[in-house]
Structure formats: structure tokens, C-alpha cells
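A.B. asks: Below, each chain spelled out in residue letters.
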Amino acid sequence: AQSVTQLGSHVSVSEGALVLLRCNYSSSVPPYLFWYVQYPNQGLQLLLKYTSAATLVKGINGFEAEFKKSETSFHLTKPSAHMSDAAEYFCAVSDQESSASKIIFGSGTRLSIRP
Amino acid sequence: NAGVTQTPKFQVLKTGQSMTLQCAQDMNHNSMYWYRQDPGMGLRLIYYSASEGTTDKGEVPNGYNVSRLNKREFSLRLESAAPSQTSVYFCASSVLGRTGGQSTDTQYFGPGTRLTVL
Chain A
1 AQSVTQLGSH VSVSEGALVL LRCNYSSSVP PYLFWYVQYP NQGLQLLLKY
51 TSAATLVKGI NGFEAEFKKS ETSFHLTKPS AHMSDAAEYF CAVSDQESSA
101 SKIIFGSGTR LSIRP
Chain B
1 NAGVTQTPKF QVLKTGQSMT LQCAQDMNHN SMYWYRQDPG MGLRLIYYSA
51 SEGTTDKGEV PNGYNVSRLN KREFSLRLES AAPSQTSVYF CASSVLGRTG
101 GQSTDTQYFG PGTRLTVL
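Sequence order for the protein chains is A and B. The end of the first sequence is residue 115 by this note's numbering, with every number in the run present. The end of the second sequence is residue 118 by this note's numbering, with every number in the run present.
None of these hints come from the bench; they were simulated from the model. Treat the hints loosely; a few may be bogus.
[Said to hold, decoys possible] Think about it this way: if two alpha-carbon atoms lie no more than 20 angstroms apart in a straight line, the pair counts; the simulated EDC-like pairs of lysine to aspartate or glutamate are:
#, chain 1, residue 1, chain 2, residue 2
1, B, 57, B, 79
2, B, 71, B, 26
3, A, 102, B, 56
4, B, 57, A, 95
5, B, 57, B, 26
6, B, 9, B, 38
7, A, 69, A, 85
8, A, 102, B, 79
9, A, 58, B, 26
10, A, 102, B, 73
11, B, 57, B, 73
12, A, 68, B, 26
13, B, 9, B, 79
14, A, 69, A, 88
If we strip away everything but chain A, and leave its shape as in the complex, we get:
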């Protein structure tokens, strides 16, 4: 069975500081991995996805994530935090190539930005 674990339900950083949101996955087959962002009172928006084409994945809004098979990790980073990055972030995993992938979501990490 697949699963994802997001370490830290709440992360707080200063504006301009490095953002690091941690995600570890478990999968018996090569995974597809996703990061989604959710702003208050909105649905989820895809930030980036890993599909085995490249281990370093660049997404929208300056975010990127690196797939490390040896560590079963897919951590999300951004060099310099902006106030607008405050949101909840979800890591997700899928292993199916069918037309209806069942994506498993982590429990989420709330990111706060201090002025």
C-alpha cells in the first residue's frame, strides 16, 4: 500500500528565508509524486509533480522538489519565502498509469510567513 508522511503539521519561517516542507513516501512500485497548495477557502492547486523524467522538479511560484529514492523523500523547497506563500501544502503519491489514478494525500503542512 502507498502512503505519504508530511513531517510537521505547521512550519513558520520569516519572509525571505528558506522554505523547506518535508515529505516521505512509501510505495512498492516506482511512484508518481505531487505537491499541491491550498489557499484559504479554495480548492487544491498543483504546484509540481514528479514522473521519473527528472529528479529535480521545478514548479510554479518558485517552488521545487527533489526526488531522492534512497531516502524515499520528496521535500519541497523555495529559496526565499514571500508573504503570499502562506497556505497549506499537501504531498501526494500515486502509482497508477490508468485513467483514474487514486492519489493518496498526506495530512498537510500549514506554512506561515513572519514579516
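Given chain A, work out where chain B should sit, using these hints.
C.D. replies: Quick look at chain B alone, frame taken from chain A:
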């Protein structure tokens, strides 16, 4: 393109009442999904539909039914609402894409329906 739309945005029910949450997408996607989101638990899949005419149970299907009315619309019905069904419900649809020879399935989400059952 409106993307994925959901109605209503908010709803309050009494225990035992029934209601249907509506979802529509205009992206010509084959697959559609219903999730519920509860604090500290991420999103959990209730039902999904791989294509028009098919539906399958997800992780938490009890107390719900779905209908894939056509390619655009996927509704979620609560026959007898319970307080445990108080949650935020998200509909999503997906397209099967290909990147570097590998297929991927990116899901696009609606804005959600906030349901309270008293």
C-alpha cells in the same frame, strides 16, 4: 474555461436529511473524483469515476452514493446525513498526460462545498 465547479458552496443539514452535491467540469476530462477534507487528515477519496458510466469506491465510501450523469457531471449524494459527515467536500477531475514517455494523472480541483450536519 470555468474548470471544475461545485454547488452549493455552503450547506447546513439536520441529521437524517438528504442532499446532493453537484460537480461539473468543462475540460473534457474522463475521470472525476469526490474527496472529503477533515482537519489534520488531508484529503480522503470517497468515490471516483474512471469514465462515463463507471464508478468505484474509494477509501471512505460509507454513507455516500454517486452518479456519473454524463462526461461533465459527477454528483455525490448523502441519503441520511450524520454529524460525522460534517466536512469540506472537493470534487476533482483528471486528464491522462504524458511526460517523457511516462503517463501521469494530474487532478484539478473545484473550490469545495462546506457541509455542516447538526
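A.B. asks: Work down the list of hints and note, for each, if the structure agrees.
C.D. replies: Here is how each hint holds up against the structure:
| no. | hint | verdict |
| --- | --- | --- |
| 1 | B/57 - B/79 | 16 angstroms, holds |
| 2 | B/71 - B/26 | 9 angstroms, holds |
| 3 | A/102 - B/56 | 11 angstroms, holds |
| 4 | B/57 - A/95 | 17 angstroms, holds |
| 5 | B/57 - B/26 | 24 angstroms, violated |
| 6 | B/9 - B/38 | 16 angstroms, holds |
| 7 | A/69 - A/85 | 27 angstroms, violated |
| 8 | A/102 - B/79 | 25 angstroms, violated |
| 9 | A/58 - B/26 | 27 angstroms, violated |
| 10 | A/102 - B/73 | 19 angstroms, holds |
| 11 | B/57 - B/73 | 17 angstroms, holds |
| 12 | A/68 - B/26 | 36 angstroms, violated |
| 13 | B/9 - B/79 | 19 angstroms, holds |
| 14 | A/69 - A/88 | 25 angstroms, violated |
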